[in-house]
Amino acid sequence: MAKLTKKEVQHIADLSNLTLTDEEIAKFTPQLDKIIEFIATLSEVDTTNVEPTSQTTGLTNVLREDEIKVDNMLTPETDYYKVPSILQNRS
Amino acid sequence: MNNIPLTIKETQEGLKSKKFSAVELVDSYLAQIKKHNDEYNIFLTVTEELAYEKAKEIDQLGDFSNPLSGVVTSYKDIFLTKDVRTTAGSKILDSYIPQYSGTVVKKIEQAGGIMIGKLNCDAFAHGASGENSDYGATLNPWNREYVTGGSSSGSAASVAANMSLISLGSDTGGSTRQPANFCNLVGLKPTYGAISRYGVIAMSSSLDTVGSLAHTVDDIEIMYDVLKGEDGLDGNVLNARRYTLNPRPKLGIAKEYFIDGLDSEVENMILDVKKTYEKMGIEVVEISLPHTKYMVPVYYIIQPAEVSSNLGRFDGIRYGNDRNSFGEEAKRRIMLGSYVLSAGYYDAYYEKAMKVRTKIIGDFDEAFKTVDAIISPISPTPPFKLGENTKDPLKMYLEDLYTTSANIAGIPSLALPSTFSKSGLPIGFQLMGPRFSEHQLIELGKKYHQEIDYKPKTAF
Numbered sequence: 016m017a018k019l020t021k022k023e024v025q026h027i028a029d030l031s032n033l034t035l036t037d038e039e040i041a042k043f044t045p046q047l048d049k050i051i052e053f054i055a056t057l058s059e060v061d062t063t064n065v066e067p068t069s070q071t072t073g074l075t076n077v078l079r080e081d082e083i084k085v086d087n088m089l090t091p092e093t094d095y096y097k098v099p100s101i102l103q104n105r106s
Numbered sequence: 078m079n080n081i082p083l084t085i086k087e088t089q090e091g092l093k094s095k096k097f098s099a100v101e102l103v104d105s106y107l108a109q110i111k112k113h114n115d116e117y118n119i120f121l122t123v124t125e126e127l128a129y130e131k132a133k134e135i136d137q138l139g140d141f142s143n144p145l146s147g148v149v150t151s152y153k154d155i156f157l158t159k160d161v162r163t164t165a166g167s168k169i170l171d172s173y174i175p176q177y178s179g180t181v182v183k184k185i186e187q188a189g190g191i192m193i194g195k196l197n198c199d200a201f202a203h204g205a206s207g208e209n210s211d212y213g214a215t216l217n218p219w220n221r222e223y224v225t226g227g228s229s230s231g232s233a234a235s236v237a238a239n240m241s242l243i244s245l246g247s248d249t250g251g252s253t254r255q256p257a258n259f260c261n262l263v264g265l266k267p268t269y270g271a272i273s274r275y276g277v278i279a280m281s282s283s284l285d286t287v288g289s290l291a292h293t294v295d296d297i298e299i300m301y302d303v304l305k306g307e308d309g310l311d312g313n314v315l316n317a318r319r320y321t322l323n324p325r326p327k328l329g330i331a332k333e334y335f336i337d338g339l340d341s342e343v344e345n346m347i348l349d350v351k352k353t354y355e356k357m358g359i360e361v362v363e364i365s366l367p368h369t370k371y372m373v374p375v376y377y378i379i380q381p382a383e384v385s386s387n388l389g390r391f392d393g394i395r396y397g398n399d400r401n402s403f404g405e406e407a408k409r410r411i412m413l414g415s416y417v418l419s420a421g422y423y424d425a426y427y428e429k430a431m432k433v434r435t436k437i438i439g440d441f442d443e444a445f446k447t448v449d450a451i452i453s454p455i456s457p458t459p460p461f462k463l464g465e466n467t468k469d470p471l472k473m474y475l476e477d478l479y480t481t482s483a484n485i486a487g488i489p490s491l492a493l494p495s496t497f498s499k500s501g502l503p504i505g506f507q508l509m510g511p512r513f514s515e516h517q518l519i520e521l522g523k524k525y526h527q528e529i530d531y532k533p534k535t536a537f
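Those sequence lines, one after another, are chains A and B.
Position one of the first sequence corresponds to residue 16 (the working numbering), numbered consecutively onward.
Position one of the second sequence corresponds to residue 78 (the working numbering), numbered consecutively onward.
This is chain A alone, in the form it adopts within the complex (with noise of 0.2 Å):
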């Protein structure tokens, strides 16, 4: 693995939003070189053929039900809705 570079740090940190000062990014270049080394012994797992897991719940789709308001339809004919307003007039 290639070493962390303190540019490649303020690429990372400009992708983050953060502004960091030189004392900084010295800081945090050998730490997080460190913790990427030690993250990429995963490439020593075999995963052919594996599908990612993403969340534990299998769970999809969580909504809730549509509720159609009958009362708020203009006429059953024409399928249109009354809905509240969002503009006034200007007088």
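What the hints contain is simulated information worked out from the structure, not anything from laboratory work.
Predicted, not measured: the structure shown is a model, and the values here were computed from it.
Hints are supplied without guarantee of correctness; some may be wrong.
[Stated by the list, open to error] Computed from the model, here is a short list of chain A residues facing chain B with C-beta under 8 Å: (1) 46; (2) 54; (3) 97.
A virtual CB, placed ideally from N, CA and C, is assigned to each residue, including glycine.
Assemble chain B onto chain A, guided by the hints.
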């Protein structure tokens, strides 16, 4: 009143028999806070007025039949509490006052709980020692030279120091179980999706859970039953499926747990726990969780990735101060997250970690075909001293070795106090079980504590 009761049952019996009133209870806890909080740095906000208001209401009602009637509760400062400052332990939110309370805060209130205050924690729940709080570290009530564990540092300390009877923390990679372990308390990390996180400041959304801390397994059970269930506001929450308790449960210990970094005192305690269960006629077998050594790498990819995304909302416009107010650890994690998600590295790190996560879940599924629960260390070492691990972030991350697995797999884990180390500090272990097996773990925990004649204790 002289002695504050250490269990919900004794508290409610005292209230019912008029041995003391809820107001007197609040007096006692507040006295304890006033005496020790400056020194130990446990509470960030004490809600004295609100506590008295609620206590008076309960006394007037004179009905103590709700599950948490009169139970004085403290909250990690990551739970939104309406009109009460909520900082997440970060200077970014130094003056943030939420407009609403989280679901769990409301549930505790409806169950009769009395909020006494908001607790110190590692900023945004990033840490295993409490030392990453922008408001200074919390000292361990059992010995002030030691850390409380983290990130729910104040939650554990407040119960251990008798400043509240129960407390809520959060657990993303061990943040409830590890401080429970370092402060001689019972802690529960529930199944992912068992308890709503609506109104909890998010750290890592696929791992975050709401943790409970108390002195006894009985009290943890009461808390779990109050807190669990769908609220329609956290799309990940599922009403717990009926889990059939095995009347003759079998336990396992993974051979991969016994590594070089495991302290001999912790190792001996685990072997003692095994003997204790065997004495009760419960079989304990060796199992294998082959990907154990990859827990920390998987966790320190997925978690910072989600942190970098969740903390993106703190832009200085919608909430509090600007991004320069982030502490060092938050900056480190945001950057690590941005790195593993950035173009060119996504596949090698983030995608890879999600695939290894699948394999870890597979390991547990396999193990739970033969055993009902797994005995594991919580922290590889007894509590460490303040400042001991702060210079090397990677060393601190390795503290999470045994706890992160339950979050990665989404399974419940119960942390149980066991004994004290040679230096007089608490050590304990955890029981992990399949999804929604909380009540099985609770039964096993009760049996263990009965067998060792466990008595709840506070540090002072």
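Do the hints match the structure? See the list:
1. 46: 5 Å, holds
2. 54: OK, holds: residue 54 of chain A within 8 Å of chain B, min 4 Å.
3. 97: With a minimum Cβ separation of about 27 Å from chain B (threshold 8 Å), the hint on residue 97 of chain A is violated.
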